[in-house]
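Letter by letter, the chains look like this.
There are 2 protein chains.
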Amino acid sequence: MNSRRDFLQKIGVSALMLQLGSVAFADTPNHFEQPYDGKVLRVAIMGLGGYGTRVAEAMKACTKAKLVGVISGTPSKIKEWQTKYNIPEKNCYNYENFDQVKNNKDIDAIYVITPNALHHSQVIRVAKAGKHAICEKPMALNAIEAQEMIDACKKANVKLLIGYRMHFEPHTLEVIRMRKAGEFGKIMFFQAQCGFKAGDPNQWRLNKALAGGGAMMDIGIYAINGARYMVGEEPIWVTAQETKTDSLKFKEGVDETIQFQLGFPSGAVASCLSSYNINYLDRFFMSGNNGFAEMQPSTGYGPIKGRTHKGELMQAITTHQTVQMDEMATIIFDDNKPIVPVNGEEGLKDLKIIEAIYLAAKIEKKVNLNI
Amino acid sequence: MNSRRDFLQKIGVSALMLQLGSVAFADTPNHFEQPYDGKVLRVAIMGLGGYGTRVAEAMKACTKAKLVGVISGTPSKIKEWQTKYNIPEKNCYNYENFDQVKNNKDIDAIYVITPNALHHSQVIRVAKAGKHAICEKPMALNAIEAQEMIDACKKANVKLLIGYRMHFEPHTLEVIRMRKAGEFGKIMFFQAQCGFKAGDPNQWRLNKALAGGGAMMDIGIYAINGARYMVGEEPIWVTAQETKTDSLKFKEGVDETIQFQLGFPSGAVASCLSSYNINYLDRFFMSGNNGFAEMQPSTGYGPIKGRTHKGELMQAITTHQTVQMDEMATIIFDDNKPIVPVNGEEGLKDLKIIEAIYLAAKIEKKVNLNI
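Residue numbers (this note's numbering), protein chains in the order written: chain R, 64 to 434; chain V, 64 to 434.
Here chain R stands alone, though its shape is the one from the complex (with noise of 0.2 Å):
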């Protein structure tokens, strides 16, 4: 596993000889490594809008995933997918047909990658076709919905993989593994700020019925998943304050900001924003007894920035989407069990924590966590 990762640090090639760009890791020449022999996951993509789009163009540099198929509501953008990525025919659906997928021997797994409503029904579906899911975050809408998805896929005995992409990521993944080495001492404080100014406010993702939510569903679960991967703890209690400056913008049900904070079992406190409408953010912090990690920027699609009190992070730079698609392949297909999960499970606890701080921000009282 991670063989590219780890060959690459053996040769010493380090963040910045491959800093040519933000693809620069993903676009390294194949003679660097031996040529992966084993099997490939070929996968369609279900939703062809932005990040859809990003996660194809991932997805050219992958060795062991590639494009395959796509499902959409727009026949338009099918054939557009179809010449751009060389995609048959026989591998195109739409969203009345695509159960159809049970009988299709070359498609292995279905990426998910539409409105949140949807994934629910649609990762369901997939199950129910036979087909290894893969579903963007939030997983769902709610916990109850999440743990119908999980028990659908166990039924189907398909893989239900959520797509955390910094799970994959090496400054995180470096960060996490000086964390349990003991090279922070005793963790005390974590801090993620996680949020940036919306744009078109007719995007899906500002609509209550198709997004479940505002900036929480969407950004502010990096601050939530990044708490519990940096801490190495689930929450046991939550606050959080919610304000709202623009509510022509962001509507009932939709959160603009919401600041939250977490309690752990050892005592170590998170303090948490979210926000749609805060310019500038993209930062996490960890303070331990020994020592501190700083990542700016943190979760942000470009090159992930770090230092702890050891010096600067210096990882590869990678296309989180080729690493995460390459790395999902070996978690479907060798069961591989990545450093942190990505399975449904995994899901599942985010939509907790998020129904949790929903819930707080209401009441404007603490809320204890069982997860």
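Hints listed in this document are in silico derivations from the structure and should not be mistaken for laboratory results.
Keep in mind that a hint or two might mislead.
For identical chains, the list gives no copy identity; a pair is met inside one copy or between any two copies.
27 Å max Cα-Cα, derived DSS-like pairs, lysine-lysine [claimed, not checked]:
#	residue 1	residue 2
1	428	415
2	314	429
3	400	249
4	260	243
5	428	314
6	425	312
Given the coordinates of chain R, work out where chain V should sit on it, guided by the hints.
Chain V only, in chain R's frame:
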């Protein structure tokens, strides 16, 4: 006012050039500017501990203020200071007899640098002796005490100034200038991480009776005060979460770690951390619609560093206490109005917020403020 700094900026003496040490600015030879020929504030320091010593050392470089007297309960310390700072016997007092300073024409002001619990009675005695009072922060244990101190100084027609050294720090003042000029646009978010691991468990700062609390009274107050001068508004609500991991070191009533959040009339919010048990902190961050400011370190004694969306802040590196005392001389003699007030009312506001934070942490509910 600010003639030295203005002059240095005019002639292009950059922070880098001045950065020969943390006292570089203070040590800048006098021939850089016109010699000061105004009145010099003659100061006695009450309380000859660690911070008193720091102030005394910094005052060596003052042009408008001079250390001329001491008040202490320890005769050996008085002797030591007399030698070190050339202080005449007639300007030395103890805690029993310092009211007699009333008859000493050679002392203009007394800087009270004693444990927090003593500030109230000592400042009132200073006022009754007809001397201007400079008082370390927090100015008192609570708002009632603070109001009584303000009243006593008003009645005696003496000034009451609080030792807010950051109010004179050039990087800080530049960020405030930029905010007032609209360079950040509408302020949306402020963050302050203030804290360190407290050392000696027997120090007065960890004694509820002397300190009136824990980290919040000592270091958390920087976050409160910083939020106010950075955002430029007074908070209208506060929420707070207290965490204690070491109840032997941090006894009943001595707060170890408190996270608190502030809401402002404009809709801006602040996320703050106050801790005596978390290392690697000392950061301010402010985000507006059009720009940001990050200061790290933000309130430490050493050089303040910062950057904004426009680049690195290159203000002069100063010894905070030197500039503070020179500026306080102009406030006392010339009725100079500093950019950020340091009067008793300013200290009272911080104490009202501290009381609200302690209450919010205790009842685990939002507390509204009207200060």
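Tested hints:
Taking the closest pair of Cα atoms, residue 428 and residue 415 come within 27 Å of each other both inside a single copy (17 Å) and across two copies (22 Å). For a Cα distance limit of 27 Å, the shortest separation of residue 314 from residue 429 qualifies both inside one copy, at 25 Å, and across copies, at 23 Å. For the identical chains of this complex, residue 400 and residue 249 are intra-copy neighbours only, at 26 Å inside a copy versus 46 Å across copies, given an alpha-carbon limit of 27 Å. In this homomeric assembly, residue 260 and residue 243 come within 27 Å of each other (Cα to Cα) only across copies, at 22 Å, whereas the closest approach inside a single copy is 35 Å.
In this homomeric assembly, residue 428 and residue 314 come within 27 Å of each other (Cα to Cα) both inside a single copy, at 23 Å, and across copies, at 25 Å. Taking the shortest Cα distances, residue 425 and residue 312 sit within 27 Å of each other inside one copy (20 Å), while across copies they are farther apart (36 Å).
The earlier numbered hints are all upheld by this structure, with none contradicted.
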